[in-house]
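Student: Chains as they are written, first to last, in the numbering used here: chain A, 1 to 163; chain Z, 1 to 412.
Bear in mind the hints are in silico, worked out from the structure with no lab data behind them.
These numbers come from a predicted model, not from an experiment.
One or more hints might be untrue.
Derived contacts from chain Z toward chain A, CB cut-off under 7 Å, selection only [said to hold, decoys possible]:
hint: 1; residue: Q214
hint: 2; residue: H350
hint: 3; residue: D351
hint: 4; residue: Q358
hint: 5; residue: G360
hint: 6; residue: H367
Backbone N, C-alpha and C fix where the C-beta goes; we use that ideal spot for every residue, glycine too.
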Amino acid sequence: MPGLEDLYREIILDHYRNPRNRGELDAPPALRVEGFNPLCGDEVVVYLDVADDGSVNDIKISGQGCSISQSSASMMSSAVKGKSAEEARALIRAFKAMMSIHEQRLDGSEEEDPIQAEPDVKLGDLEALQGVVKFPVRIKCATLSWNTLAQGLDEAAADAPTA
Amino acid sequence: MSGSLDVARIKKDFPILDRVTHDHRLVYLDSANSSQKPRAVIEAMEHFTEHSYANIHRAVYEIAEEATAAYEGGREAMRRFINAPSSREVIFTKNATEAINLVAYSWARHNLGEGDAILLTEMEHHANFVPWLVLREEKGVELRFIGLTEGGQLDLTDLDRLIDGVSLVAVAGISNVLGTINPVRQLADAAHDAGALLLVDGAQYTPHMATDVQALGCDFYAWTGHKMLGPSGIGGLWAREELLDAMPAFLTGGEMIRDVRLDGWTPNELPWKFEAGTPPIVEAVGLRAAVEYLEGLGMDAVREHDVELTGYALRTLTERHGDKITIHGPSEPAARGGVISFVYENVHPHDLSQVLDQSGVCVRAGHHCAKPLMRRLGVGATARASVYVYNDEADVDALNESLDEADRLFAI
């Protein structure tokens with residue numbers, strides 16, 4: 001319907017209807033990280049199987065929420081599965097840059113401390129979520145699972161055996 | 001439309017209903033969240049600000065006296081509207097939340113401690129949960145909860161046991177999620193038989209029902225202005241005078257004192273004892289205009305309109321959307337206020353609200369500040385449509401049509 005095609009792109013609805021990597025991992029040994037959006041009640045649980053070198057061997061997603069939060073989580077899981085820690089963190093930075101550059105424009109604080117985009121990172125399907133920035137209250141839906149992933153990677157790094 | 005209210009005429013009194021949003025007329029179905037304001041309220045506040053604005057109870061010049069009279073006129077209008085015996089018992093706060101906090105911080109902290117208990121219900125708004133959770137943490141007060149029936153009513157089968165030994169019962173007059181109208185008088189009698197006081201969270205009740213705090217039999221009554229066509233920033237507490245007299249001050253500072261000395265202070269008399277600092281003066285003027293507007297419609301007619309329109313909405317939503325829609329709360333319109341919370345198959349409430357917005361239809365989505373109730377219902381969020389005096393069947397039809405749009409968009 002008019003005005004909404006930027007938000008509800010077909011690929012987003014596809015990930016919402018058929019979420020990838022849906023489920024749980026035994027934790028421990030996997031890491032279990034919860035993310036909440038206290039304003040709307042959305043929640044996402046990210047299960048991470050992180051190798052000793054920090055790469056994401058496996059990832060599962062559970063939780064509940066709107067099409068944007070759930071499809072973003074699904075796309076995130078597909079994008080980072082099998083990636084090294086550095087590649088996953090670069091994806092997080094690139095995705096949040098896509099969201100937050102616009103957030104900063106909305107705040108009118110564009111000049112101050114702009115987040116560097118990641119020109120070398122290919123977001124691929126994730127670019128479908130770019131339309132979310134036109135609906136500012138939904139940005140936090142899109143970033144919920146990414147913030148949760150970042151927290152999980154931080155915890156994994158803190159727990160990792162020192163080489 | 002066979003109706004108790006002339007909604008076509010009423011709509012003309014609300015300037016915001018003329019605006020266009022996303023190329024559609026505004027279909028405002030979120031009055032349980034906050035109501036829109038009639039021109040009479042807007043103009044009363046504007047006229048007062050342009051002609052008589054000054055601080056109150058402080059100065060002797062003419063406009064200050066006019067301002068004081070206008071502010072106290074708001075109090076008298078509210079006293080009349082809830083049938084309080086005396087305006088000394090009508091305390092202005094900024095909203096119902098602050099009114100409940102006033103009772104928690106003043107009455108409860110002064111009177112309750114370990115070994116005392118408070119009885120709440122599972123359907124309370126966070127405003128009538130969190131002050132008591134905090135009190136439990138600080139003072140060791142026990143909290144008990146009245147559960148719910150499958151039909152969204154309070155389950156009173158175990159009331160005698162639950163209420164035994166409690167000092168306070170605190171309950172919403174009308175649930176902001178389920179719309180359930182609670183049996184306040186019955187709970188008041190049960191509370192008093194048990195030696196307890198009754199607090200009513202009237203935030204959803206007073207805008208929709210003829211409110212008579214004496215007939216309800218309650219001891220504390222919290223209400224808010226912005227849900228009853230008045231401005232945001234003003235609400236209040238009614239309590240019996242002997243309770244208020246015995247309660248210590250809550251917020252302190254100017255206005256609420258009679259004397260301040262280096263060695264102490266003396267509180268002001270009621271109701272100003274509980275009104276620290278410069279109060280919501282312009283808002284009290286707007287509140288009076290809102291009360292007079294509702295009195296002009298007649299609260300019995302307002303209630304009748306709620307029942308008719310809620311009945312129409314329940315009927316058409318069910319007929320049109322069948323098994324796709326799950327409506328929470330009592331199925332009988334006479335048992336509920338103008339609040340309809342629902343979940344739509346395969347469409348998350350946020351997405352639903354976003355799609356409806358494209359058709360100009362405003363509904364709330366989320367947990368409605370009632371997370372314990374959401375858990376009880378087994379849902380993370382619901383969509384909520386709520387009607388008021390300016391809504392008609394065409395608004396409900398617009399809701400139904402935009403739900404079809406959402407269904408098409410998210411169809412699997």
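Student: If you take the shortest Cβ to Cβ gap from G360 of chain Z to chain A, is it below 7 Å?
Tutor: 11 Å, violated
Student: Could you check if D351 of chain Z really has its C-beta closer than 7 Å to a C-beta on chain A?
Tutor: With a minimum Cβ separation of about 5 Å from chain A (threshold 7 Å), the hint on D351 of chain Z holds.
Student: Would the hint on H367 of chain Z be counted as holding, given a Cβ-Cβ threshold of 7 Å to chain A?
Tutor: 4 Å, holds
Student: Please verify that hint: Q358 of chain Z, Cβ, nearest Cβ of chain A, below 7 Å or not.
Tutor: 5 Å, holds
Student: Per the CB criterion, is Q214 of chain Z less than 7 Å away from chain A?
Tutor: Hint violated; Q214 of chain Z Cβ to chain A Cβ min 39 Å, cut 7 Å.
Student: Quick check on H350 of chain Z please, does its C-beta sit within 7 Å of some C-beta on chain A?
Tutor: Interface hint status for H350 of chain Z: holds (4 Å vs cutoff 7 Å).
Checked against the numbered hints above, the structure violates hints 1 and 5; every other hint is satisfied.
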